[in-house]
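Keeping their order, the protein sequence lines are chains A, B and C. So the mapping is simple: our numbering equals the position in the first sequence, first residue as 1, plus 896. So the mapping is simple: our numbering equals the position in the second sequence, first residue as 1, plus 30. So the mapping is simple: our numbering equals the position in the third sequence, first residue as 1, plus 354.
By construction, these hints were calculated from the structure, which means they are not laboratory data. You may find that some hints are simply not true.
As the list claims (entries may be wrong) - Computed cross-link-like contacts, BS3-like style, restricted to lysine-lysine with a CA-CA straight-line distance of at most 30 Å:
#	chain 1	residue 1	chain 2	residue 2
1	A	K1231	A	K1397
2	A	K1315	A	K1638
3	C	K432	B	K94
4	A	K1240	B	K69
5	C	K432	A	K1231
6	A	K1241	C	K378
7	C	K378	A	K1602
8	B	K237	A	K1241
9	A	K1117	C	K415
10	B	K147	A	K1325
11	C	K415	B	K94
12	C	K432	C	K365
13	C	K378	A	K1048
14	B	K69	C	K432
15	A	K1241	A	K1231
16	A	K1330	B	K147
17	B	K94	A	K1117
18	B	K237	A	K1552
19	A	K1241	B	K214
20	C	K365	A	K1048
21	B	K214	B	K94
22	A	K1330	C	K395
23	B	K237	A	K1587
24	A	K1607	A	K1587
25	B	K99	A	K1330
26	A	K1450	A	K1397
27	B	K94	A	K1325
Stated by the list, open to error - Output of the computed footprint for chain C on chain A, the stretches with three or more beta carbons under 8 Å from beta carbons of chain C:
#	region
28	1328-1342
29	1592-1603
Unchecked claim - Derived DEER-like restraints, expressed as beta-carbon distance ranges:
#	chain 1	residue 1	chain 2	residue 2	range
30	C	G394	A	S1208	19 to 25 Å
31	C	K395	A	P909	29 to 35 Å
32	A	T1305	B	T142	36 to 42 Å
33	A	E1526	B	W62	45 to 51 Å
34	A	V1281	B	E57	37 to 43 Å
35	C	K395	A	P1280	44 to 50 Å
36	C	D412	A	P1624	46 to 52 Å
37	A	E1526	C	E367	47 to 53 Å
38	A	E916	C	V391	57 to 63 Å
39	A	A1041	C	E367	33 to 39 Å
The beta-carbon is built from N, C-alpha and C at its ideal position, and this holds for glycine as well.
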Amino acid sequence: MALDTVTNASATPDFVLPFEQLGLKADEFEKIKTILGRRPTGSELAMYSVMWSEHCSYKSSKIHLKQFGEKAPNSDALLVGIGENAGVVDIGQGYAVTFKAESHNHPSFVEPYQGAATGIGGIVRDILTMGARPIAVMDPLRFGAADAPDTKRVLPGVVAGIGGYGNCLGLPNIGGEIVFDETYAGNPLVNALCVGVMRHEDIKLAQAHGAGNLVVLFGAKTGGDGIGGASILASETFNTSKPTKRPAVQVGDPFAEKVLIECSLEIFAEDLVVGIQDLGAAGISCATSELASAGTGGMNVQLEKVPLRDPSLSPEEILMSESQERMCAIIEPSKLGRFMAICKKWDVTATVIGEVTSGDRLHITFNGELIVDVPPRTVAHDGPVLTRPMSRPEYLDTLKAVTLEKVETPEAIKAAVLKLIAAPNIADKSWVTKQYDKYVQGNSILAQPEDSGMIRIDEQTHLGIAISTDANARLSFVDPYNGVKLALLESCRNIATSGAKPLAITNCLNFGSPEDPGVMWTFAETVRGLADICLEMGLPVTGGNVSFYNQTGKVAILPTPVIGVLGVIQDVRTRTSMSFIEAGLELFQLGNTDDNFTGSEWAHLHGQMGDQAPTPDIDHETRLVKLLLEGQKYFAAAHDISNGGFAATISEMVLKSNIGATIDLPAQFIPGGVTAGLFAETPGRVVVAVKSSDVAGLTSLAESHKIALHKVGITGGDALAINGASIPLTQLRAAFTETFPKLFG
Amino acid sequence: MRVGVVTFPGTLDDRDAARAVEYAGAEPVSLWHGSDDLKHVDAVVLPGGFSYGDYLRCGAISAKAPIMKSIIVAAEHGFPVLGICNGFQVLAEAHLLPGALTRNADMHFLCTDQTLKIENNSTMWTNGFTLGQEILIPMKNAEGNFNCDDATLHELESEGRVIARYVGVNPNGSRDAIAGITNKRGNVVGLMPHPEHAIDLLTGPSKDGLTFFTSLLHSMIAG
Amino acid sequence: MGKIIVEVMLKPEILDPQGQAVGKALPRLGFTFAQSVRQGKRFEIEVAGDPTPAMLADVEKAAEEFLANTVIESFVVKVEK
Chain A
897 MALDTVTNAS ATPDFVLPFE QLGLKADEFE KIKTILGRRP TGSELAMYSV
947 MWSEHCSYKS SKIHLKQFGE KAPNSDALLV GIGENAGVVD IGQGYAVTFK
997 AESHNHPSFV EPYQGAATGI GGIVRDILTM GARPIAVMDP LRFGAADAPD
1047 TKRVLPGVVA GIGGYGNCLG LPNIGGEIVF DETYAGNPLV NALCVGVMRH
1097 EDIKLAQAHG AGNLVVLFGA KTGGDGIGGA SILASETFNT SKPTKRPAVQ
1147 VGDPFAEKVL IECSLEIFAE DLVVGIQDLG AAGISCATSE LASAGTGGMN
1197 VQLEKVPLRD PSLSPEEILM SESQERMCAI IEPSKLGRFM AICKKWDVTA
1247 TVIGEVTSGD RLHITFNGEL IVDVPPRTVA HDGPVLTRPM SRPEYLDTLK
1297 AVTLEKVETP EAIKAAVLKL IAAPNIADKS WVTKQYDKYV QGNSILAQPE
1347 DSGMIRIDEQ THLGIAISTD ANARLSFVDP YNGVKLALLE SCRNIATSGA
1397 KPLAITNCLN FGSPEDPGVM WTFAETVRGL ADICLEMGLP VTGGNVSFYN
1447 QTGKVAILPT PVIGVLGVIQ DVRTRTSMSF IEAGLELFQL GNTDDNFTGS
1497 EWAHLHGQMG DQAPTPDIDH ETRLVKLLLE GQKYFAAAHD ISNGGFAATI
1547 SEMVLKSNIG ATIDLPAQFI PGGVTAGLFA ETPGRVVVAV KSSDVAGLTS
1597 LAESHKIALH KVGITGGDAL AINGASIPLT QLRAAFTETF PKLFG
Chain B
31 MRVGVVTFPG TLDDRDAARA VEYAGAEPVS LWHGSDDLKH VDAVVLPGGF
81 SYGDYLRCGA ISAKAPIMKS IIVAAEHGFP VLGICNGFQV LAEAHLLPGA
131 LTRNADMHFL CTDQTLKIEN NSTMWTNGFT LGQEILIPMK NAEGNFNCDD
181 ATLHELESEG RVIARYVGVN PNGSRDAIAG ITNKRGNVVG LMPHPEHAID
231 LLTGPSKDGL TFFTSLLHSM IAG
Chain C
355 MGKIIVEVML KPEILDPQGQ AVGKALPRLG FTFAQSVRQG KRFEIEVAGD
405 PTPAMLADVE KAAEEFLANT VIESFVVKVE K
């Protein structure tokens, strides 16, 4: 097709455009025609189709997500809320922290290395765009069964991609999760969280203000990467039966991104930009329409000025290209010289491609011909809003209670603990995390396998932040409303266990097809639960990400809402680690255990799911967080009880410390006996180690916060002894550490 | 005393190296790869990272940078240079040190706390250690596998120019478990693991790394 | 003994950061001849005797499924004379 100009579009109203192949529905196409008063040009169609895709427009989720605004708690901490590239929170001392998680699930299935790598690249640019120096990343990951052949392809590739890109950027990787479940077989979840820090006055926004200001594209040249990727990969399920027909994927250049980060930070330091936006999904379409609609609306762009890696690209393709490592800035003409000088210093290509105008329309020309003439808001924000049908899925009526054999004799306890800690979901993840740099930048205080990742923000005042990401998809499957609440409470507990105070949350909501009413119902329940718990806990939602169409064929993944909680610690020197430093410490469990095994790893290992998620006890959790923060002075070590129950927690503690422990679980006081005491995943529990001289202090603290305190044992020796079963640390360590190398080489 | 810390495009640990210099009691001075000006510093650290993305070969493009021309000339006259990780790779590519750092034997990037044995405490960067001292510092690289021909290896070993060796399982397949070497004169040292990440117990596994930087101060003052 | 060569290159439309970095470095070192540089991999496979058509077909298959990542790379199989 020759250049489809606005004039041409007006003259040829009946020309047939392939809107369906671009993922637009007939009514959406009609809406575009109504907005424009004519048929769109090819370039306009490209822009609308990609910006109105599920991935960019949140069309299925929007009506639910508005609850985050309606139920927002009062918070002084939130400096920039939902809607910008990432939310920003005040952590005190003039510092602002921005953090966000995003999914890169489908690309990581197609090409694990590049999919995961560019996932890191994208979220890091979101953080950079706010004006912040990126300071750490975390990766919540989900894969199919650990022993499935395709997991051997996907997991090593994803891990290498995260390491290959993140290490090269100089970002410490301080935590995340790795969970295996059959439902992720054809659809792994690769979520990436990045956190950045800046001074309050350095916050940048994606706005194009001031007629006459220049639109500058800087960073990598534009190629044919992922054209239509955002639209086609994320909004339509794709057929995996013909590997030779896999769509093209974006290739990341971490070196270019590292240089772009340093170049941008130098530009920010000299206050040279009016507004800035990174180019991710939907590339130039997204950046120009979002910048313009957040400003006064008017912008002219000369598309032929965009530096191309592939000169054969059509205007439509330039608009849709998802080439990585690009940014778009709005600059006052008087500052252009200095801007260009910094770009030259870092060898970064920068090109003026247009200017802000006093009008209210986004005009894009190609060699002088007008090819786009749109109100930018209609592209960026006025996409379709769908009220998808929802219905409570039938599977909820077929769930069965967990029935398990009791584990009581010393022999049975030993065998069960060794089985549990060798299970892929519990086993040592250092095969993975050793491929990530956790030291770079020199501010990492805690990193995996600790309860939270902790980063020092100020070397003089010792101010720091902690981050934890959590999801329990099995609980969300059984009870999506309470499942997400439990994930958030667990994340808060992790933060507090390390010694930081929970401050704000972000989320990455991974679900199946929104066209499935059952999936849509679980999604709606999840959002309702999350909005409610944030209000109840007084934690603002700073932003989030929704990823739909995570399924293989008709099988949806388990609903997987990943929650990231940010906490603040005034003095990182007071943090608490999970490892004991000495023998002779007394071990206590905070909180009571019950006999509900629903969603637990122990039930999963026996092929069972259960039928009743625990009821979130917000009052208990709030008191527990307070106790944990006040009790830091007593704790020689502390570790949250979650996946795998008490048995996993105490095993991880003794192995990290390389000091054994003797445990005596008072079975008679635990509903469900020793089996539950070891393997139930009752929320609201933490194991702490204290010196004998601190026991009185801890006891009175627990009493004042009305938290049950159970003496469970003492540290020392070279074995983990539990109710008469003795497991030498060497044997325990072998079981814990051999799983991943055996599976993945 | 002023210690230069060079930033190449893609350098990552420059701020960490500057911090270590400061902890040791010297003044860190930032040096830019694109300039040949050493700014009258008394010594230089080439920090870790992925300069030029490790493209072509690790350190190969950086070894040709203008700042390296000045460093090569100065080093030949006894100027102290410490190359850490990518900095070691740059020194090898610049032929200030022999051998090459190749892909780890297991092909993976490896980040771990590594025990090293100090085997030469007479260099400007290691004189604060006792001979045979075992230290614990982080290592993190994908291409830290030290390789050279037999003659070079014989020369390094017979002249006592291996300054540190990996203790325990050889983590990356380096010949003779070599973690770091020096030139004949003892002023240029290359080390794969990262002493700048082991300067306090809050952020590192030990404080052992600081001795590399305090050693320099001793040798300059003794000087 | 015969030798089969498999050359693997990123497809022309795929970004090649390595080649790009080398291409940028060359003029800085005074080499001004290059308009662009792309970097690839070369496998030299020694086989017993002269390569047969069946063997070459096998190498093609190995290249397709293993040596190259055909999502982003293309390959050529040649016999070295």
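Outcome of the hint check:
1. A distance of roughly 41 Å separates the Cα atoms of A:K1231 and A:K1397; the hinted pair therefore is violated under the 30 Å criterion.
2. Between A:K1315 and A:K1638 the CA atoms are separated by roughly 15 Å; this keeps the pair inside 30 Å, and the hint holds.
3. Distance restraint check for C:K432 and B:K94: the Cα-Cα separation of roughly 35 Å exceeds the 30 Å cut-off, and the hinted pair is therefore not satisfied.
4. Between A:K1240 and B:K69, the direct Cα distance comes to roughly 22 Å. Compliance with the 30 Å bound is thereby established for this hinted pair.
5. With a CA separation close to 55 Å, the supplied pair C:K432 and A:K1231 exceeds the 30 Å bound.
6. Of the pairs offered as hints, the one joining A:K1241 and C:K378 holds, with about 14 Å between alpha carbons and a cut-off of 30 Å not exceeded.
7. At most 30 Å may separate the alpha-carbon atoms for a hinted pair to count; C:K378 and A:K1602 exceed this at roughly 66 Å.
8. The straight-line distance between the Cα atoms of B:K237 and A:K1241 is roughly 36 Å, outside the 30 Å bound, and the hint therefore fails.
9. Between A:K1117 and C:K415 the alpha-carbon distance is near 34 Å, which puts this suggested pair outside the 30 Å criterion.
10. The suggested pairing of B:K147 with A:K1325 holds, with an alpha-carbon distance near 28 Å, which does not exceed 30 Å.
11. Proximity of C:K415 to B:K94 is assessed by CA-CA distance (about 41 Å); at most 30 Å being required, the pair is judged violated.
12. Distance hint between C:K432 and C:K365 is fulfilled; the C-alpha atoms sit about 18 Å from each other, no more than 30 Å.
13. In summary, the hint linking C:K378 to A:K1048 is not supported, as the alpha carbons are separated by about 37 Å, beyond the 30 Å threshold.
14. Taken as a hint, the B:K69 and C:K432 pair is broken in the structure, with Cα atoms around 54 Å apart against an allowance of 30 Å.
15. Note on A:K1241 and A:K1231: the hinted pairing holds, with a Cα-Cα distance of about 16 Å set against a maximum of 30 Å.
16. Only pairs whose Cα atoms come within 30 Å are accepted, and A:K1330 paired with B:K147 is accepted, the gap being roughly 22 Å.
17. Simply put, B:K94 and A:K1117 have alpha-carbon atoms about 25 Å apart, close enough for the 30 Å limit, and the pair holds.
18. Between B:K237 and A:K1552, the direct Cα distance comes to roughly 20 Å. Compliance with the 30 Å bound is thereby established for this hinted pair.
19. For the hint linking A:K1241 to B:K214, the alpha-carbon distance of about 36 Å lies beyond 30 Å, and the restraint is violated.
20. Taking the CA atoms of C:K365 and A:K1048, the gap is about 25 Å. The hint holds against a cut of 30 Å.
21. Distance hint between B:K214 and B:K94 is fulfilled; the C-alpha atoms sit about 23 Å from each other, no more than 30 Å.
22. Restraint check: the Cα-Cα separation between A:K1330 and C:K395 comes to about 27 Å, which is no more than 30 Å; the hinted pair holds.
23. Simply put, B:K237 and A:K1587 have alpha-carbon atoms about 26 Å apart, close enough for the 30 Å limit, and the pair holds.
24. At roughly 13 Å between alpha-carbon atoms, A:K1607 and A:K1587 fall within 30 Å of each other, so this suggested pair holds.
25. A C-alpha spacing of about 36 Å is found between B:K99 and A:K1330, which places the hinted pair above 30 Å, so the restraint is violated.
26. For a cut-off of 30 Å, the pair hint linking A:K1450 to A:K1397 is broken: about 42 Å separates their Cα positions.
27. Pair hint B:K94 plus A:K1325 does not hold up; C-alpha atoms about 40 Å apart against a cutoff of 30 Å.
28. Three residues within the 8 Å Cβ limit are the bar, and the region 1328-1342 of chain A against chain C gives 0, so the coverage statement is violated.
29. A count of 0 residues in the region 1592-1603 of chain A with a Cβ less than 8 Å from any Cβ of chain C is obtained; the coverage claim is therefore unmet, three being the minimum.
30. Against the hinted window of 19 to 25 Å, the Cβ-Cβ separation of C:G394 and A:S1208 comes to about 21 Å, which satisfies the hint.
31. The hinted range of 29 to 35 Å is not satisfied by C:K395 and A:P909, whose Cβ atoms lie roughly 52 Å apart.
32. In this structure the hint that A:T1305 and B:T142 lie 36 to 42 Å apart at CB holds, the actual value being about 39 Å.
33. Against the hinted window of 45 to 51 Å, the Cβ-Cβ separation of A:E1526 and B:W62 comes to about 49 Å, which satisfies the hint.
34. In this structure, A:V1281 and B:E57 break the distance hint of 37 to 43 Å, their C-beta atoms being roughly 59 Å apart.
35. About 46 Å separates the C-beta atoms of C:K395 and A:P1280, a value consistent with the hinted range of 44 to 50 Å.
36. Taken as a hint, the range 46 to 52 Å holds for the pair C:D412 and A:P1624, whose Cβ atoms sit roughly 50 Å apart.
37. Checked against the given bound of 47 to 53 Å, the beta carbons of A:E1526 and C:E367, roughly 59 Å apart, lie outside it.
38. A hinted range of 57 to 63 Å is violated for the C-beta pair A:E916 and C:V391, which are about 41 Å apart.
39. At roughly 35 Å, the beta-carbon separation of A:A1041 and C:E367 lies within the given 33 to 39 Å, and the hint holds.
Hints 1, 3, 5, 7, 8, 9, 11, 13, 14, 19, 25, 26, 27, 28, 29, 31, 34, 37 and 38 from the earlier list are contradicted by this structure; the remaining hints agree with it.
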